[in-house]
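Participant: Quick note on numbering: the sequence shown equals residues 1 to 455 in this note's numbering.
Among these hints, one or two may not hold up.
Here are the computed distance ranges between Cβ atoms for each label pair [what the hints assert, rightly or not]:
hint	residue 1	residue 2	range
1	ASP10	ASP41	48 to 58 Å
2	THR125	GLY156	45 to 55 Å
3	ALA436	GLU219	50 to 60 Å
4	PRO155	LEU26	54 to 64 Å
5	ARG23	THR125	41 to 51 Å
6	GLY412	GLY156	44 to 54 Å
7	LYS5	ARG420	41 to 51 Å
8	LYS154	ALA436	40 to 50 Å
Since the hints were made in silico from the structure, they are not lab data. Ideal placement from N, C-alpha and C gives every residue a C-beta, glycine not left out.
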Amino acid sequence: MELRKDYFADVRKDGLHEIGQPRPRLDSPGHVTGKTAYFADRNFPGMLHLKMVRSPHHHARIRSIDTSEAEKHPGVVRVLTARDVPHNVYTILILIQVGPEDETVLADGKVRWKGEAVVAVLAETERAAQEAAAKVKVDYEVLPAVFDMEGALKPGAPLVNEYHGQNYYHYDSGECRKVRFGDVEAGFARADHILEQSYQSSPIEHAPTETTGCVVTPEGNDRFTCYTNTQAMFFTLDNASIILQMPGSKLHFVGGTVGGGFGGKVDVIVEPIAILSAKLTGRPVSFIYSREEEMQISSPRAAEKVVIKDGVMKDGRIVARKVTGYTDAGAYSRHSPYGAQKGAAHYPGPYTIPNVWIDTYCVYTNRTPSSAMRGFGVTIGDFALEVQMDKLARLIGMDPLEFRFINAYRDGDMKAHRQRTEGAALIECMQEASRAANWPVAEKYMAMSSYRKGA
Numbered sequence: 001m002e003l004r005k006d007y008f009a010d011v012r013k014d015g016l017h018e019i020g021q022p023r024p025r026l027d028s029p030g031h032v033t034g035k036t037a038y039f040a041d042r043n044f045p046g047m048l049h050l051k052m053v054r055s056p057h058h059h060a061r062i063r064s065i066d067t068s069e070a071e072k073h074p075g076v077v078r079v080l081t082a083r084d085v086p087h088n089v090y091t092i093l094i095l096i097q098v099g100p101e102d103e104t105v106l107a108d109g110k111v112r113w114k115g116e117a118v119v120a121v122l123a124e125t126e127r128a129a130q131e132a133a134a135k136v137k138v139d140y141e142v143l144p145a146v147f148d149m150e151g152a153l154k155p156g157a158p159l160v161n162e163y164h165g166q167n168y169y170h171y172d173s174g175e176c177r178k179v180r181f182g183d184v185e186a187g188f189a190r191a192d193h194i195l196e197q198s199y200q201s202s203p204i205e206h207a208p209t210e211t212t213g214c215v216v217t218p219e220g221n222d223r224f225t226c227y228t229n230t231q232a233m234f235f236t237l238d239n240a241s242i243i244l245q246m247p248g249s250k251l252h253f254v255g256g257t258v259g260g261g262f263g264g265k266v267d268v269i270v271e272p273i274a275i276l277s278a279k280l281t282g283r284p285v286s287f288i289y290s291r292e293e294e295m296q297i298s299s300p301r302a303a304e305k306v307v308i309k310d311g312v313m314k315d316g317r318i319v320a321r322k323v324t325g326y327t328d329a330g331a332y333s334r335h336s337p338y339g340a341q342k343g344a345a346h347y348p349g350p351y352t353i354p355n356v357w358i359d360t361y362c363v364y365t366n367r368t369p370s371s372a373m374r375g376f377g378v379t380i381g382d383f384a385l386e387v388q389m390d391k392l393a394r395l396i397g398m399d400p401l402e403f404r405f406i407n408a409y410r411d412g413d414m415k416a417h418r419q420r421t422e423g424a425a426l427i428e429c430m431q432e433a434s435r436a437a438n439w440p441v442a443e444k445y446m447a448m449s450s451y452r453k454g455a
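Given the sequences, and given the hints that come with them, work out the whole structure.
Facilitator: As structure tokens, then:
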């Protein structure tokens, strides 16, 4: 790592002991010596194993559930359905007042995506739990399903989630999150060139080495310890407290070591039902996804579609940008309304553009619910924006890096969502990238500064 101290020397403090200093990761010795303890390394006497009965359909009404044969299977201790869950309908962002509650812990009356949990089976061994789960009989009435965002938004499309009443999340700004800055149509009218392009991505699975799971043990006095690989410890504890209608003081979460997460272990999908199972049986419970479940059931990065329309002048200035973004939430909200909102704030990109129009939709489909993954709501948008920038540069015959210097935001510039730019350093990053890549640009760009607007 090279630390370039010639940049911002007048505003930087050099007497810091940690920031800017190389430090070894404290958990590295345990990882490389095999001494790190993961949640699944715990094994308690009398521990039960939990397996789910999951929907084979993308969209269906549940007519009936028959668990009688499963309950008779050797080794089975308990079978749970929706009626056993104290607060069965929830949404994880309710902690920050993002509602409505729209997802079930165990399906009640309907399933909305293939793989949705319907019945939980607890048995003495993992094999017994799997065999018993296969004996649960669920009578489904298959319903029409919708799998693409544009189809979901069409009039007459199958309604995915009745808790919303329409196939999109309703923001306080309406059917989408909106950003309006300047007059985008006037900007297009004066532009020398207009370019409109569409970009689309598919869901992306995190594929962690360690699959999602937890081990819960009763501690007496109605207290429970949950050993988990969640990436969001207190977020998960608080949601579990709501679902189980238990005070958080009764729940002790132990974690911190995650065998790969990348944002994929923040959805509170194993801990509440495992804690409830331990409470109802009085025994430790292990609930660990198989690799198949991890790939099919855990939340992926959302599929997205981004439509960008730009107006650009011959001298390289972007004078108008209109973006319509679509985020495929799948059947339930989870983190997607927040992800789509992040996109709305970010879609203009790190560029100063005087006229901006942004609409971002969070759309419900009968696909696996999507959620967080590194930079979710922004990463796919960045891909689309930067490919668009290259296309614009080619359109006007300009070097793509110099084109970015012309449009880069600098300290003091007003962003489209009306926040002043501070600490940008984008100009300096591009200057260093130019040197590192041996990509020559005109000297006037190498003389620019992020906080000297005239330079």
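Participant: If a hint holds in the structure, say so; if it doesn't, say that too.
Facilitator: Hints, one by one, checked against the model:
Taken as a hint, the range 48 to 58 Å holds for the pair ASP10 and ASP41, whose Cβ atoms sit roughly 51 Å apart. A C-beta distance of roughly 49 Å is found between THR125 and GLY156, which places it inside the suggested range of 45 to 55 Å. In this structure, ALA436 and GLU219 meet the distance hint of 50 to 60 Å, their C-beta atoms being roughly 55 Å apart. Against the hinted window of 54 to 64 Å, the Cβ-Cβ separation of PRO155 and LEU26 comes to about 56 Å, which satisfies the hint.
ARG23 and THR125 have their C-beta atoms about 45 Å apart, which keeps the hinted 41 to 51 Å range intact. Evaluation of the 44 to 54 Å hint for GLY412 and GLY156 yields a pass: the beta carbon distance comes to about 49 Å. Checked against the hint of 41 to 51 Å, the C-beta distance between LYS5 and ARG420 comes to roughly 26 Å, which is inconsistent with it. Under the hint 40 to 50 Å, the C-beta atoms of LYS154 and ALA436, about 48 Å apart, fit the expected range.
The earlier numbered hint that this structure contradicts is number 7, and it is the only one.
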